[in-house]
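**Student:** Residue numbers (UniProt numbering): 1 to 719.
By construction, these hints were calculated from the structure, which means they are not laboratory data. It is possible that some hints are incorrect.
Within a straight-line C-alpha distance of at most 20 Å, the following computed EDC-like cross-link-like pairs (lysine to aspartate or glutamate) qualify [as the list claims (entries may be wrong)]:
1) K148 <-> D102
2) K148 <-> E192
3) K148 <-> E87
4) K148 <-> E77
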Amino acid sequence: MRLGDRQQDDQATGGDRPPRRRRRWQVVVGAALLLAGGWLAAPWIVERVLIGHFAAQGFPDTTLDVRRVGPFETRIEQLRLATVSAERVILRYTPLAALRGDLYSLTLEGLALQGGARETASAMARAEAALRTASGLRIAHIEFGEAKVALGAPGGDWNATLRGSLVQTPSGALEGAVSVVATSIAGAFGGEFRLSPDDAGRTAVRLQVREAVLRLPGLTLEGLAGAVSVARSDGPLPLVDLDVQAGGRAPDGSGLERARLRLVSTGGTALASLAGIDLDGRRFTVESGFDVAAEADGSIALRLARPGSIAFLDRPVRGATPLSLDARIMPGDAPALRLIADADSLRLVHALRLALRPTMLATAAGPARIEDGTLAIDGSLGGDGARGRSELRIPRLVVPARALRAEDVALVVHWEEGPLRFDLTARSLASTAAPPWFAPLPLALSGNGGPAALSFTGRLGGSPVAIDIEGEAAGPGVGRAALRLRPLDLGAAGDLTRLSPALAAIAEAPHGQVAGRAEVAWTQDGLSGGGRLLLREVAATLPIGRVERVNGVVALDRLVPPTTAGPQTLSVGLVDMGLPLTDGTVTFRLDQGGPVLEDARFSAAGGTVRATDALSGGRLTMAAAALNLGLAAAVSGNLMLEIDQERLTARLADDANGLEFALDRPHRGTPTMRAAVDGRPHDLPDDLASRIARDARQAADAHRVPEATLRQMQAYGEP
Numbered sequence: 001m002r003l004g005d006r007q008q009d010d011q012a013t014g015g016d017r018p019p020r021r022r023r024r025w026q027v028v029v030g031a032a033l034l035l036a037g038g039w040l041a042a043p044w045i046v047e048r049v050l051i052g053h054f055a056a057q058g059f060p061d062t063t064l065d066v067r068r069v070g071p072f073e074t075r076i077e078q079l080r081l082a083t084v085s086a087e088r089v090i091l092r093y094t095p096l097a098a099l100r101g102d103l104y105s106l107t108l109e110g111l112a113l114q115g116g117a118r119e120t121a122s123a124m125a126r127a128e129a130a131l132r133t134a135s136g137l138r139i140a141h142i143e144f145g146e147a148k149v150a151l152g153a154p155g156g157d158w159n160a161t162l163r164g165s166l167v168q169t170p171s172g173a174l175e176g177a178v179s180v181v182a183t184s185i186a187g188a189f190g191g192e193f194r195l196s197p198d199d200a201g202r203t204a205v206r207l208q209v210r211e212a213v214l215r216l217p218g219l220t221l222e223g224l225a226g227a228v229s230v231a232r233s234d235g236p237l238p239l240v241d242l243d244v245q246a247g248g249r250a251p252d253g254s255g256l257e258r259a260r261l262r263l264v265s266t267g268g269t270a271l272a273s274l275a276g277i278d279l280d281g282r283r284f285t286v287e288s289g290f291d292v293a294a295e296a297d298g299s300i301a302l303r304l305a306r307p308g309s310i311a312f313l314d315r316p317v318r319g320a321t322p323l324s325l326d327a328r329i330m331p332g333d334a335p336a337l338r339l340i341a342d343a344d345s346l347r348l349v350h351a352l353r354l355a356l357r358p359t360m361l362a363t364a365a366g367p368a369r370i371e372d373g374t375l376a377i378d379g380s381l382g383g384d385g386a387r388g389r390s391e392l393r394i395p396r397l398v399v400p401a402r403a404l405r406a407e408d409v410a411l412v413v414h415w416e417e418g419p420l421r422f423d424l425t426a427r428s429l430a431s432t433a434a435p436p437w438f439a440p441l442p443l444a445l446s447g448n449g450g451p452a453a454l455s456f457t458g459r460l461g462g463s464p465v466a467i468d469i470e471g472e473a474a475g476p477g478v479g480r481a482a483l484r485l486r487p488l489d490l491g492a493a494g495d496l497t498r499l500s501p502a503l504a505a506i507a508e509a510p511h512g513q514v515a516g517r518a519e520v521a522w523t524q525d526g527l528s529g530g531g532r533l534l535l536r537e538v539a540a541t542l543p544i545g546r547v548e549r550v551n552g553v554v555a556l557d558r559l560v561p562p563t564t565a566g567p568q569t570l571s572v573g574l575v576d577m578g579l580p581l582t583d584g585t586v587t588f589r590l591d592q593g594g595p596v597l598e599d600a601r602f603s604a605a606g607g608t609v610r611a612t613d614a615l616s617g618g619r620l621t622m623a624a625a626a627l628n629l630g631l632a633a634a635v636s637g638n639l640m641l642e643i644d645q646e647r648l649t650a651r652l653a654d655d656a657n658g659l660e661f662a663l664d665r666p667h668r669g670t671p672t673m674r675a676a677v678d679g680r681p682h683d684l685p686d687d688l689a690s691r692i693a694r695d696a697r698q699a700a701d702a703h704r705v706p707e708a709t710l711r712q713m714q715a716y717g718e719p
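The task is simple: from the sequences and hints, build the whole structure.
**Tutor:** This is how it looks when you write it as structure tokens:
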């Protein structure tokens with residue numbers, strides 16, 4: 001058709017075709033403009049989506065700049081995720097593969113990690129989780145040229161450089177290698193992380209240490225070399241293998257021979273972390289530091305001695321004190337600790353025995369000194385609980401603040417399904433006071449429970465002294481115990497040194513019955529306790545003479561050394577010091593310096609005597625009234641007593657009547673009496689001493705315990 005003919009046809013149709021063409025071109029141009037606008041806005045849209053996604057994953061302060069979104073590549077610059085940053089992130093893909101969530105490669109340029117070790121590890125874990133949840137992306141290749149890592153640590157900041165590339169296999173495991181070079185004032189490190197899939201398709205990571213130096217207080221470890229392997233899945237991170245060798249030198253030139261620590265696992269559920277270890281969800285964290293030391297002979301020594309705190313199940317253990325351990329692996333035992341883990345358990349094999357060195361341990365009762373000891377561990381930890389046995393033996397444990405010493409202490413803990421069980425024994429628990437407050441007594445306790453609640457029962461002593469113990473602990477730092485001294489027949493017990501050397505030093509030939517009850521509590525502030533001591537018809541020979549028919553209850557607000565809760569009153573039938581005193585009451589208190597006399601009232605020779613001053617320097621002054629001593633008149637005045645290790649002397653002067661009476665009684669001897677009237681010697685009746693003694697015996701036998709004292713004894717409840 002010629003041009004003229006086309007023009008004629010157009011004119012014949014009224015010009016209808018050109019408007020339709022114009023509309024089609026308008027649609028095409030509009031669509032192109034929309035696509036162009038969407039493509040130009042894509043970086044902004046992707047940037048908003050990514051920032052929102054990272055904020056939802058715990059990175060509210062995320063910053064990034066999406067510079068380009070293309071059909072084959074997306075480029076992001078200046079990415080900041082907490083302590084993790086990258087100057088440039090490049091994602092490469094094909095359009096169809098990107099729709100399936102498959103990316104060809106992820107390139108990280110200028111990758112940097114900076115901050116504390118725990119914060120950085122947490123940020124890395126959250127960043128990894130954020131990438132995993134980002135639309136289920138799968139990345140075939142991960143490349144980074146030179147990554148800088150700066151980690152803050154107590155011993156000095158570590159600066160490291162990472163180089164490497166990784167490939168993701170069809171199973172999702174990573175394969176490749178990353179080299180590491182790190183330096184710090186605490187040492188240097190060089191090695192390689194090598195990743196490969198295991199038989200189950202998980203990522204297996206092996207760290208090969210080429211050379212490392214670690215500087216510790218008093219020791220430099222050098223030539224550190226070995227390998228660590230772990231397996232990675234979507235769950236926890238179990239330790240598979242650890243094999244490290246090291247040598248070292250101390251400032252004095254002594255050296256550490258090559259030593260090896262080997263940990264073995266076949267999987268399991270042990271989650272490693274920087275602050276502790278998770279075992280099946282049970283978290284135990286020691287916020288502390290570790291020292292590794294060596295003996296001059298090259299034997300291995302372990303030392304854990306750093307201020308810190310202890311937590312269990314992510315909660316602080318109340319009252320727990322920083323652990324202090326100084327030990328060496330005992331001769332004849334392999335210097336290795338072997339752990340084997342399977343799908344649901346972690347077992348300790350070839351129980352490790354450690355020899356503890358002398359050290360101080362903080363306790364509720366005050367600082368305790370451990371004088372050598374051994375620690376043995378054997379057992380298993382798994383999803384169904386813990387099973388095993390630990391044994392701690394300490395030949396001698398001394399608590400100077402309480403003047404206590406324990407010999408041959410053994411603590412055996414049994415782990416099994418349900419509450420743990422323990423047995424605590426000591427060949428003897430003794431007082432280190434001079435003289436000792438009590439004779440050495442064996443200790444045997446058994447208990448069960450867990451970290452939050454523990455109950456126990458047992459006995460201190462055996463025969464003739466037996467103290468029943470029952471108590472509970474609400475954690476290592478808080479608890480209480482009830483102690484009950486079974487009624488003790490002093491006459492049947494025999495030698496008083498079997499009960500209390502301190503009492504045996506001042507008393508002998510005891511008779512009567514004693515019983516006691518006490519409550520002991522311990523908190524983070526220390527140890528407290530009190531109790532009551534029942535005396536029933538107690539008799540003994542003291543330096544002042546024979547004391548009989550002592551009855552009453554003594555309330556103590558402290559047990560070792562014993563102190564009383566205010567003044568205490570006892571009923572006394574007889575004090576025979578040569579001039580017998582009968583029907584008496586004695587009010588006293590015990591403080592850390594010993595007994596303090598508050599008041600004492602007796603009948604004597606038809607009259608009365610009273611003491612209100614404490615015995616001081618072996619001297620005691622008593623006020624006497626109307627004593628019938630065979631003189632022309634009853635004698636009243638100050639009765640002066642002097643007591644030493646050899647004898648007792650008494651002098652009574654009645655200046656108003658010119659009368660004077662004196663008594664001299666050697667210990668375990670017969671007393672002699674003298675008298676004077678107006679300064680001249682005066683003969684006493686021959687039967688005076690026997691008459692006074694006879695009257696005193698009758699009064700002592702007829703002595704009635706005061707009602708108030710009887711009520712106290714009845715309230716105590718012992719038969």
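**Student:** Against this structure, judge whether each hint is valid.
**Tutor:** Against the structure, the hints:
1. A hinted pair counts as satisfied when its Cα atoms are at most 20 Å apart, and K148 with D102 does not qualify at roughly 28 Å.
2. Taking the CA atoms of K148 and E192, the gap is about 15 Å. The hint holds against a cut of 20 Å.
3. Taking the CA atoms of K148 and E87, the gap is near 12 Å; set against the 20 Å cutoff, the hint holds.
4. Of the supplied pair hints, the one linking K148 and E77 holds, its CA atoms being roughly 17 Å apart against a limit of 20 Å.
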